[in-house]
Each structure stands twice: as structure tokens, then as C-alpha cells.
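Undergrad: If you read the protein sequences in the order shown, they are chains A and B. With this note's numbering applied, the first sequence has no gaps in its numbers, which climb one by one up to 481 at the end. With this note's numbering applied, the second sequence has no gaps in its numbers, which climb one by one up to 481 at the end.
Accuracy of the hints is not assured; some may be wrong.
As the list claims (entries may be wrong) - Derived lysine-lysine pairs resembling PhoX-like cross-links, with alpha carbons at most 25 Å apart:
no., chain 1, residue 1, chain 2, residue 2
1, B, 123, A, 337
2, B, 355, B, 325
3, B, 337, A, 123
4, A, 60, B, 344
5, A, 123, B, 344
6, A, 4, A, 344
7, A, 325, B, 60
Stated by the list, open to error - Example chain B residues on the side facing chain A (calculated, C-beta under 10 Å, incomplete):
no., residue
8, 35
9, 39
10, 44
11, 67
12, 71
13, 73
14, 94
15, 95
16, 106
17, 117
18, 124
19, 129
20, 140
21, 146
22, 156
Hints listed in this document are in silico derivations from the structure and should not be mistaken for laboratory results. Predicted, not measured: the structure shown is a model, and the values here were computed from it. Quick reminder that beta carbons are idealized off the backbone N, C-alpha and C, glycines included.
2 protein chains.
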Amino acid sequence: MPKEGITPRATDYSQWYLDIVRGADMADYAEVVRGCIVFKPTGYAIWEAIQSGLDQRIKATGHVNAYFPLLIPKSFLMKEAEHVQGFAPEVAEVTRAGGEELAEPYVIRPTSETIIGYFYAKWVRSWRDLPLLINQWANVMRWEMRTRPFLRTAEFLWQEGHTVHATEEDAERETLLILHEVYADFVEREMALPVIKGLKSDKEKFAGALRSYALEAMMQDGRALQAATSHNLGQNFAQAFNITYTDQNNTVQYAWTTSWGISTRLIGALIMAHSDDEGLVLPPRLAPTQVVVVPIYKNEAERSAVLAAVERITAGWQGHLRFKVDDRDNLTPGFKFNEWELKGIPLRIEVGPKDVQKDAVAVARRDMPGKAGKQIVPQAGLTERLQALLDEIQQQLYDRALQFREANTHDVQDYAQLRTAVETGFARCYWDGTSEDEQRIQNELKATLRVIPLDQPETAGRCVLTGRETTRQVIFARAY
Amino acid sequence: MPKEGITPRATDYSQWYLDIVRGADMADYAEVVRGCIVFKPTGYAIWEAIQSGLDQRIKATGHVNAYFPLLIPKSFLMKEAEHVQGFAPEVAEVTRAGGEELAEPYVIRPTSETIIGYFYAKWVRSWRDLPLLINQWANVMRWEMRTRPFLRTAEFLWQEGHTVHATEEDAERETLLILHEVYADFVEREMALPVIKGLKSDKEKFAGALRSYALEAMMQDGRALQAATSHNLGQNFAQAFNITYTDQNNTVQYAWTTSWGISTRLIGALIMAHSDDEGLVLPPRLAPTQVVVVPIYKNEAERSAVLAAVERITAGWQGHLRFKVDDRDNLTPGFKFNEWELKGIPLRIEVGPKDVQKDAVAVARRDMPGKAGKQIVPQAGLTERLQALLDEIQQQLYDRALQFREANTHDVQDYAQLRTAVETGFARCYWDGTSEDEQRIQNELKATLRVIPLDQPETAGRCVLTGRETTRQVIFARAY
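Next up, chain A with everything else stripped away, as it sits in the complex:
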């Protein structure tokens, strides 16, 4: 039986997504500010969990945080030829301030390579100043035509790392370190979301990058979502902003820079990867609340016995489990079950008068709705049992997403197969085409070259389009 207010995935996947966002109370449409949303507390708490897990990894790999201005002189955008093409059409411009027209407009940062490049040119002098390893948590703005909560909004939140290195090898090592140790490690371990690590094609790379790496994940409708990007910017921005250093031989050299980011669209990925027709499903490691306790009683005597038991049971949880006791008096247990299902809390504990008598509790797993996920568990050893269950759920969500991706990744040999494959999932194929060929596929099949996986086969094959032999395998898919 479908849940009230949630359109089943099979009926309308897009509407299902919007129903989850609304049903779990994650965001509100800021219709008065075009294309923007309000991140409501339930949605923002997930972003805080993402920030915490990423910030830890960013610092553990030697980076520090800083903060650069929101506004960028418009002329800065123009300094890197590809960059201006990519971003100029979608910026918001400040033309008036303090009651006066500005001589030169500012743009609200769509990304900060240019303004940060300007400062790095001042700060970097010698090889001793390198590497410079800085990250920023910030809001950015891109005036997108079509928006969807979390996935694509005019204003969004992200972190953007910007680093400077002495050599191309150092920059490349940094770009890959971030991809593997920071991004893939976080997304796979904390979000339970398996990813394909790889390189972007020239057509799909960041505007101004030498090489862009990305993580691609599969959503439950078979579409791809780019979960993170890490760019080796080569010397493009160093040349545009004159970031130079004096090397050990006293020669002035252009530096090499990188940039990398993860944004609030990850919240969208999280929803679309794991949730079901009952509501949001959160991986336990990321869930702001892992366990919700619902006391069940019919009269005052039962109430006090049950609440006393709940207090005793949860006494030892502090510091071990992130939990909440839902002791609201004016709501039925059924209403509460529904609300916490919608909000994706991984485990629900029910404590009723019979459970109190038997020194037990009922435990319901959010990832297995219905009877299959329900069990009676003794109160003795409950904390450890719940921790083990949370680990099991985390693993289960990852495994399920991986199986789904594998089942919906099709090895295709020719264009007809490619056409069919991208209707339902990823098409894996050999590829030796050009950017124009990619554009043709995009026009005809609405699919793009998502990623050239770092894991490549040992044998060669024939390009799905040109028939030429090549060793390069790629993933085509429709994408968010």
C-alpha cells in the first residue's frame, strides 16, 4: 500500500523525489527568490553531517580552511578564456551598492578560482610557500534555468578546495588524493553510495581545467549523478592570474593549481540512492538521529511504567548512539511511526507495557519496511545489538546500491544497444569518438559521456560509434 502523499517510484520518479523532500520536511521552495530553496532543519542537519565527515578528511590530508569574498569583479571572470564561456552566462550581478551605481559590476561567485587566483598570486613567492593547501566552505550562485531542490538550485552550499603546487606531478597527485582519500572514501563509507572514479572527457571537463576527475553514482532510476569533482587546472589559472614562484634555481616559474568541490546536491544523491516509497532512508553513519524510541501506552499507569523503562534503557546510550525519545503526548504511535519513517531514521524502538514485562523491546529497521525488518530484542545487551544493527544496515545499503548499479550497467557493442541501455542504466562501452560525436549522442539519446573509469580493461575492443579499435572504456548515461 503506497504511503499517503508519496507517489511511488514506479509511477513517477521525479514526483516521488519531490514528495520525499516535502514529506521528510527537508526543504521549502523560495518562490520569491528565483530558483532558490530554504534548507529546512531536517535537510540542513544532513548537510551538517556531510560537512563534518568531509571537513575531517580535508584536514587529515593537510588542508586548512579560509574564507574569500562572495563578490568577484566581473572582469576577473574574463581572464581565463574557457572559464568565462562556462560561467559568464549564468552569473548574478551586483550593479548598485550603498545607494550608488558601481563603476564595475561584481558577480556573486559561481565558483572561486578567479578571486582566489588573484590572492594566491600575491601570497606565493617562493618554492618554500608551496604547496598551498586551502579549502573554503561557502555559498555560490549560478542562475540556472531549471531547478530542483538540492540537485540544482540557483544558490547552493559547497566546499571548494584550491591548491597551488610547484610541478604538474604534485598537482596531479593532489587531484587524485582528494578524489580517493577525501571524496570516494567519504561518499562510499559514510553515505553508503558506491561510485565509479574516473576522468571526464574534454567535452565534459570543468571550464578552465586541464583534466577533471569525478565520482559518478547511479540513482534508482538508472541515471547518473556526479557526486564530486576534482580538477587539475594545469597552469591555466596560474597564467591568467600570474601565480608564479621562484624555484630552487632562482628561476621564476608558473605554478600549477587544482580545485575540487562537493555541494549540497549530495543531499539529492542521498535521497535518490537509498530512499523508498515509504520516505527517506538514511545511512546510519550519516543520520543525525540513528535511533528513535516510541513509548506505547493506553493509560497513565502504563505511561509511567513505560517511560521509566525508556529512561532506564536509554541511560547508557549517550555517546554511543545518536537517539531521540519521542514522548509527545498528543500524537498516536501510528502517527509517530509514519513521521520517523518519512524522515528516514534507521532504527525505531517501540516500548509497550508487554515489552516492559518481558524486559524486551521491539526494533524496526527502516531499510526493511514491514514485518521482515521487525524483531523483539532483549533489553540486556541492547546498546551493542543496536550498534551492530546499524553497521549491518550501513553495509546493506551499500551492497544494495552496488548490486543495483551492477544489474543496471550494460556492456554495449553498438549504437542500437547503447540507445537501449541508457533508457534504464549505464552503458559501458569502448570509445574512440570526438567531442562532436559525444554531442551527437547527447542530442540523439539525451545521454552524456559520464566518466572514463580509472579501472580500465586489459583487452581492447571496438568503439561503440566508430567501430575503431581502442583500449578505452567509458560510461554513457543520462544524468542529473
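Using the hints provided, position chain B relative to the given structure of chain A.
TA: Relative to chain A, chain B alone:
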């Protein structure tokens, strides 16, 4: 002997402040973005420590975080009469986006009462929805004419809490809870900065508030700095944005709202309250690095013995002390001492070959420069000794700032005394004047009514200006 690059406080306090900001590498001037700064890693790490201490207290008092749009329709600002007067002259306006002129300009939020009020009107329906307790961490922009790093910048970072309540008493209780339990507790305990808690006069209150409360602190030049504000907004914004709820008798009522904020100007307060002519001084509880270890050696044999000792000594510190080992090979100990003094690290540990032989280390306190703050400490029990020293420093900084404030707070009886007192510190006096009287004092003495302390005397006295008898005592001072 004054430190190179630091103008002594006694010579030029303003220049001293700028020298500390630059010497400790806390900020850079974003001269290409008017009135903005870059928060460099050393400065931003202090903001992260402030965020962490405040966020913990904000959540512990029942609030949750959310995020609202950066842009506000310009017409929203106009809806509350006092608010528009206060903020309209200093907003930055977005008039063009995505290549097109906008029909209605947006302003970049100078504060978010209006845009948040708009959403709260949608979200609040019944008394059951109240209180609504939300906080936001965000950047805001006010096009100020004169700027100074951290203290006054066009863009700054802050948290702004916005709450909705059913009754005036509830709103008042919230306003004072934040003032006492969140702000004063944080600023006094973590920042070691004694504050006077009190009410703002009508002239000085927030544009649109019923009552504004604030914390005022004294800087080392005797000027006041407003460290935090907490506003009871009455029903002003509820009426402007139609925030209503149905009460338990099924009657529709206007709600009562509050707002409260602390910003990156606290970093400026921190510098000006504790630092000296040697550089920044950081209170240990807030310091991102509490202890820096400088190994001292002349040759390779000494080097390996000293570094082995350092590794052994610091092995147990993880999780107990926030520390850094400065093992940079290309710099002299003297250079390192200077750098960490400038950056305000509370304790410096020196480990040389003689210390290794004696199973001891040399410890230097940043709050007591020179010989007075140096001591030889045995390696046995060092962790506990350092923790005790850090506590002692924290208390010492607080006591010193409190003594300074008391020594520079003058009880004044008449206008001549008031004139003299505000030259060097706070003037405490009875007050029964009007907003016009305050304006006259501001024009003549460059001093404002900072705060009407919550702690009031039991006896009456005569108003410093009008001579009328009153029981109300206030603080006048020049302010940042």
C-alpha cells in the same frame, strides 16, 4: 624592545591592531572587492573555534540550524518601517542575472529578519508549532563606508537566530536565555572576555526591535565593543510579514519573534582584549593550537636525540592538548619563537640537548613574555602540568581584562566628568535623558550610551545631564 613590525599600543593603538592582524597572518585586504577581507587560515581557524563553541550552546538550548536564501526581494526590506531606515542605505543590489535585467532587484541579506519572516508566516499555523527555534550560519553584507579587518567589513560571517513564540513572555525569556546561557557564557568562559550584560537604549536598539539586549566589552584602549546582541522583536515583524497562529481557544493571534547574532567581529574583540606588543594572545580554550614544541639542536646527533625525545614527550598528548611540533629544518629557533609569539600560541615548549639529558623541557607562557613566563618543567607529569598551566592562563587573561575594565570604569556625576571619563574608558552614571540628549553627547563627546546594565544599583542618583533624580544607571563610552 618593541617587536619588529608591531607598532606599540601606546604609540598608535589603531596601527597596533592592524599590525597584529598582519603579523599573525590573520587576514588580507581584498582591495579589489570594496571593504572586504580574506579570512586567512590563522584568522579563520579562530572563527571555526568560535563557531564550534557557540553552535554547541545554541543546540544545547534547543535550537536547530537551517539555511535561508542569500538574496532578498528589495520590497521585503520596506515592510517594517524602522528596519528599512536602518538597512536600506547600505545594501548591495543584484539587478541583473543570467544575462537579463531583473524586474525587481534583490538585495544581498544585510540580516535576515524579512526573508525568514516570510517563510515563518507559511510555516507557523497553530500554537502547537511554537516555539520555532532556528539558527543560521551565514555571510551577510552591509556596504559600510569605513572598514577595518574583522571589526567592520562589507561582507562578514555570523550566526543569526530567529525564533517565534506564542507570548511576549516567551519571547522575552528566549531573548534573555540567549544573552546569558549562549552568548555571555561563551564569551566569558571561552574567550576570557568579561562583559556587561544589559539593555540598549531606544536610540541604539536594532532597527525594528522592541528591545535589544547586548554584551559590551572593554578593549585595551578603553573603548567599548558590542560583542553580541539579542533582540525581542515584539510583534513588529509578525505584523509586517503576517506571522500568525491559532491559539488554544481557536483565535488567530500575531506571534512574537526574536533575533540574535554574533559575528566575525568577535575576532577583532579577541585581538583587542588580550594581545600585546609582541603579537596576538589567544585564550587557551579557544586557541586552535594550544602548545607549540620547538626542538633545538646544532648538529645531526643532537637533532636525532632531540626529535626522539619530542616524539616520546608528545606521544600521550593526542586528545588531551591541541599541539604542533615545529620541526621545520630551514628556520632558526629564534625565528620560530617570533612566529609563534606573533600568532599567540599560549604555550611554547623548547626541547634542547640539555633538556633531554635532564628529562626536562623549557616552557614559555605567551601571556607573560620574557623571563617571568619561563620555567623548566620535568617531563614526568608534563601533560597534566601543561593542562593546569593552560587553565591558569585562561583565568589570568580573564582576570586581567576584568581588572582593566574596573580600573577604567569611572563613576561620573556631571557632564565635565563624563567628558573626561570617555577619553580613557567607560563612564558609569545615572541617566534620565532622551534620545536627543544621547545624540547631543554623541556629537560633543563622540560617546554613545552603550548599555543599561541588568545589574542596577539599589539607590537613586542624579542624571549626569539633566540632574533629575533617577534609579537608572548606564554606561557611556566611545565604541568600535
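Undergrad: Each of the hints needs a verdict: does it hold here or not?
TA: Hints versus structure:
Note on residue 123 of chain B and residue 337 of chain A: the hinted pairing holds, with a Cα-Cα distance of about 23 Å set against a maximum of 25 Å. Annotation: proposed proximity of residue 355 of chain B to residue 325 of chain B holds, straight-line Cα distance about 21 Å (limit 25 Å). Using a Cα cut-off of 25 Å, the hinted pair residue 337 of chain B and residue 123 of chain A holds, with the two alpha carbons roughly 23 Å apart. Simply put, residue 60 of chain A and residue 344 of chain B have alpha-carbon atoms about 20 Å apart, close enough for the 25 Å limit, and the pair holds.
With a CA separation close to 21 Å, the supplied pair residue 123 of chain A and residue 344 of chain B stays within the 25 Å bound. Between residue 4 of chain A and residue 344 of chain A the CA atoms are separated by roughly 13 Å; this keeps the pair inside 25 Å, and the hint holds. The straight-line distance between the Cα atoms of residue 325 of chain A and residue 60 of chain B is roughly 14 Å, inside the 25 Å bound, and the hint therefore holds. A hinted interface residue such as residue 35 of chain B counts as satisfied when its beta carbon comes closer than 10 Å to some beta carbon of chain A; here the least separation is about 8 Å, so the hint holds.
This hint holds: residue 39 of chain B has a C-beta 5 Å from the nearest C-beta of chain A, less than the 10 Å allowed. Below 10 Å, beta-carbon pairs count as interface contacts, and residue 44 of chain B has one with chain A at about 8 Å; its hint therefore holds. The restraint placing residue 67 of chain B at the interface with chain A holds, with a minimum CB-CB distance near 5 Å, inside the 10 Å limit. A distance limit of 10 Å between C-beta atoms decides the matter here; for residue 71 of chain B the minimum to chain A is near 5 Å, and the interface restraint holds.
This hint holds: residue 73 of chain B has a C-beta 7 Å from the nearest C-beta of chain A, less than the 10 Å allowed. Against a cut-off of 10 Å between C-beta atoms, the interface hint on residue 94 of chain B holds, since the closest Cβ of chain A lies about 4 Å away. Contact between residue 95 of chain B and chain A, as hinted, is supported at the beta carbon level, the nearest pair being about 5 Å apart and thus within 10 Å. Because the closest C-beta pair between residue 106 of chain B and chain A is about 7 Å apart, less than 10 Å, the hint holds.
Taken as an interface hint, residue 117 of chain B checks out: its beta carbon lies about 9 Å from the nearest beta carbon of chain A, inside 10 Å. Contact between residue 124 of chain B and chain A, as hinted, is supported at the beta carbon level, the nearest pair being about 8 Å apart and thus within 10 Å. Interface hint at residue 129 of chain B: satisfied, since its Cβ lies 7 Å from the closest Cβ of chain A, which is below the 10 Å cut-off. Because the smallest distance between the Cβ of residue 140 of chain B and any Cβ of chain A comes to about 6 Å, under 10 Å, the interface hint for this residue holds.
The closest approach between the C-beta of residue 146 of chain B and any C-beta of chain A is roughly 7 Å, which is under the 10 Å cut-off, so the hint is satisfied. Contact between residue 156 of chain B and chain A, as hinted, is supported at the beta carbon level, the nearest pair being about 5 Å apart and thus within 10 Å.
In summary, this structure violates none of the numbered hints.
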